[in-house]
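Engineer: Okay, here's what each chain looks like letter by letter:
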Amino acid sequence: MTPTRKRRLILISLVIFGVAVATAIFLTAFKDNMMFFKSPTEVSAQDYPQNRSFRLGGMVKEGSLKRIENSLKVQFDVTDYGADVAVEYEGILPDLFREGQGVVAIGYMASDQLFVAEEVLAKHDENYMPPEVADVLQTQEQP
Amino acid sequence: MNKIVKFYHEMGSPPSFYRITGYWLKPFFVLALALTVYGLIDGLFFAPPDYQQGDSYRIMFVHVPAAWMSLFIYAIIGVCGLIAFVWRMKVAEAVMMASAPIGALFTALTLLTGMLWGKPMWGTYWDWDARMTSELILLFLYIGVMGIYSAYDDDPRKAARLAALVAIIGLINLPIIRYSVEWWTSIHQGASISLMGGNSGIKDWSMLRPLLVMALATKFYYLYSMLHRARNYLLRTEQNKSWVMRQLTEQ
Numbered sequence: 001m002t003p004t005r006k007r008r009l010i011l012i013s014l015v016i017f018g019v020a021v022a023t024a025i026f027l028t029a030f031k032d033n034m035m036f037f038k039s040p041t042e043v044s045a046q047d048y049p050q051n052r053s054f055r056l057g058g059m060v061k062e063g064s065l066k067r068i069e070n071s072l073k074v075q076f077d078v079t080d081y082g083a084d085v086a087v088e089y090e091g092i093l094p095d096l097f098r099e100g101q102g103v104v105a106i107g108y109m110a111s112d113q114l115f116v117a118e119e120v121l122a123k124h125d126e127n128y129m130p131p132e133v134a135d136v137l138q139t140q141e142q143p
Numbered sequence: 001m002n003k004i005v006k007f008y009h010e011m012g013s014p015p016s017f018y019r020i021t022g023y024w025l026k027p028f029f030v031l032a033l034a035l036t037v038y039g040l041i042d043g044l045f046f047a048p049p050d051y052q053q054g055d056s057y058r059i060m061f062v063h064v065p066a067a068w069m070s071l072f073i074y075a076i077i078g079v080c081g082l083i084a085f086v087w088r089m090k091v092a093e094a095v096m097m098a099s100a101p102i103g104a105l106f107t108a109l110t111l112l113t114g115m116l117w118g119k120p121m122w123g124t125y126w127d128w129d130a131r132m133t134s135e136l137i138l139l140f141l142y143i144g145v146m147g148i149y150s151a152y153d154d155d156p157r158k159a160a161r162l163a164a165l166v167a168i169i170g171l172i173n174l175p176i177i178r179y180s181v182e183w184w185t186s187i188h189q190g191a192s193i194s195l196m197g198g199n200s201g202i203k204d205w206s207m208l209r210p211l212l213v214m215a216l217a218t219k220f221y222y223l224y225s226m227l228h229r230a231r232n233y234l235l236r237t238e239q240n241k242s243w244v245m246r247q248l249t250e251q
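These protein sequence lines map, in sequence, to chains S and L.
Going by our numbering, the first residue of the first sequence is number 1, and it counts up by one from there.
Going by our numbering, the first residue of the second sequence is number 1, and it counts up by one from there.
Quick caveat, the hints were computed from the structure, so don't treat them as lab data.
Check the hints yourself; a few may be wrong.
Facing chain L, from chain S, some residues (calculated, C-beta under 10 Å) [said to hold, decoys possible]:
| # | residue |
| --- | --- |
| 1 | Met1 |
| 2 | Pro3 |
| 3 | Val15 |
| 4 | Met34 |
| 5 | Gly57 |
| 6 | Leu72 |
| 7 | Ile92 |
| 8 | Val133 |
Derived pair list, reagent style BS3-like, types lysine-lysine, alpha-carbon separation capped at 25 Å [what the hints assert, rightly or not]:
| # | chain 1 | residue 1 | chain 2 | residue 2 |
| --- | --- | --- | --- | --- |
| 9 | L | Lys6 | L | Lys158 |
| 10 | L | Lys26 | L | Lys90 |
| 11 | L | Lys90 | L | Lys219 |
| 12 | S | Lys73 | S | Lys61 |
| 13 | S | Lys61 | L | Lys119 |
| 14 | L | Lys26 | L | Lys6 |
| 15 | L | Lys26 | S | Lys73 |
| 16 | L | Lys158 | L | Lys219 |
| 17 | S | Lys6 | L | Lys26 |
| 18 | L | Lys3 | L | Lys26 |
| 19 | S | Lys6 | L | Lys158 |
| 20 | L | Lys241 | L | Lys90 |
The beta carbon of each residue, even a glycine, is placed where N, CA and C say it ideally should be.
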């Protein structure tokens, strides 16, 4: 390699290294802000922003979904299997919303116990399969 | 071994690059077209519906290959940028600048199909989660590479080197996009398919097949389109050279 090329290669390597380190430091410093949602465990440990809305993410607890009659209001618990947070929401739920599914709710804590959601998003996992396969898997799990 | 070295040297020189790739264009185009038609029919009609998302998940057969290409093409731009910056290879400059618009197109397609998929499934077109934000930054990087190049129009070789610098620095975004769903909580789910093995989220072959076919189709489309553009780029930047004259008078 000629000296000029060597110099250029060293120069560009240093630039890449510098940018990589700067980015790594930046991302570590703002790790909290990069998080899309808070988990129920964090929320029950009072680790959530006061007086402003934030996102709560977890699973809709099995058997916790209650529809309030004559309204669009629903209540359900969001769990990460460590802690539960009760959520109240009025509006139309996304198609994928169901018990045992991932969910992200945007809203605020009305009290220490109750999260009032202004928007509810469904979250799905990375598994795709035909319905028949899912049925077989479920019957295998059940007995 | 000698053949490989010879091929490498030929691909590095604009006239023989132009001559050799001329034979590749048609086969690549035919392959891209045939695989796209087959992949789309297979994906839209023959793949089974998903147990959760029903038929809506079929947009995956466009969204996922497009997203893979948006990362793959940027990686090529970065490597070509490095070669162009250090070794000043003209063909690397041509490949880099020819790839940028195609990569930007695939990134835009990824964002668009992602939004169309997100609305019915998640309940929102857009949210500032790490995966979506970093993919949007990738689009800006592509636009930046093209913008810097065209802003410096009196010397295309210098312009290419400046664009290469932006491209190389932007490489840092690729691992961020790839691992964004693992490092941070996000609405976007994790990877269903990984080159490094691990658990596959799509085990059903009739679902996996159209996805892989479309991935191959987009690769061939890229090769076809990129080589076409790179050849034109070389003709334009080398227009005063004798090989271009010969090339143009021959036809």
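Engineer: Now tell me, hint by hint, if it's right for this structure.
Structural biologist: Each hint tested on the structure:
1. Met1: holds (9 Å)
2. Pro3: Since the shortest Cβ distance to chain L is 12 Å, the answer is violated.
3. Val15: holds (7 Å)
4. Met34: holds (5 Å)
5. Gly57: holds (6 Å)
6. Leu72: violated (14 Å)
7. Ile92: With Cβ-Cβ at 9 Å, under 10 Å, it holds.
8. Val133: Since chain L brings a Cβ to about 6 Å from valine 133 of chain S, closer than 10 Å, the hint holds.
9. L:Lys6 <-> L:Lys158: Violated. Lysine 6 of chain L to lysine 158 of chain L sits at ~28 Å, over the 25 Å cutoff.
10. L:Lys26 <-> L:Lys90: holds (24 Å)
11. L:Lys90 <-> L:Lys219: It holds: about 23 Å lies between the C-alpha atoms, which stays within 25 Å.
12. S:Lys73 <-> S:Lys61: holds (17 Å)
13. S:Lys61 <-> L:Lys119: Holds - the C-alpha atoms of lysine 119 of chain L and lysine 61 of chain S are around 23 Å apart, at most 25 Å.
14. L:Lys26 <-> L:Lys6: Measuring from Cα to Cα gives roughly 24 Å; hence the hint holds.
15. L:Lys26 <-> S:Lys73: violated (60 Å)
16. L:Lys158 <-> L:Lys219: violated (29 Å)
17. S:Lys6 <-> L:Lys26: violated (39 Å)
18. L:Lys3 <-> L:Lys26: holds (24 Å)
19. S:Lys6 <-> L:Lys158: holds (19 Å)
20. L:Lys241 <-> L:Lys90: holds (13 Å)
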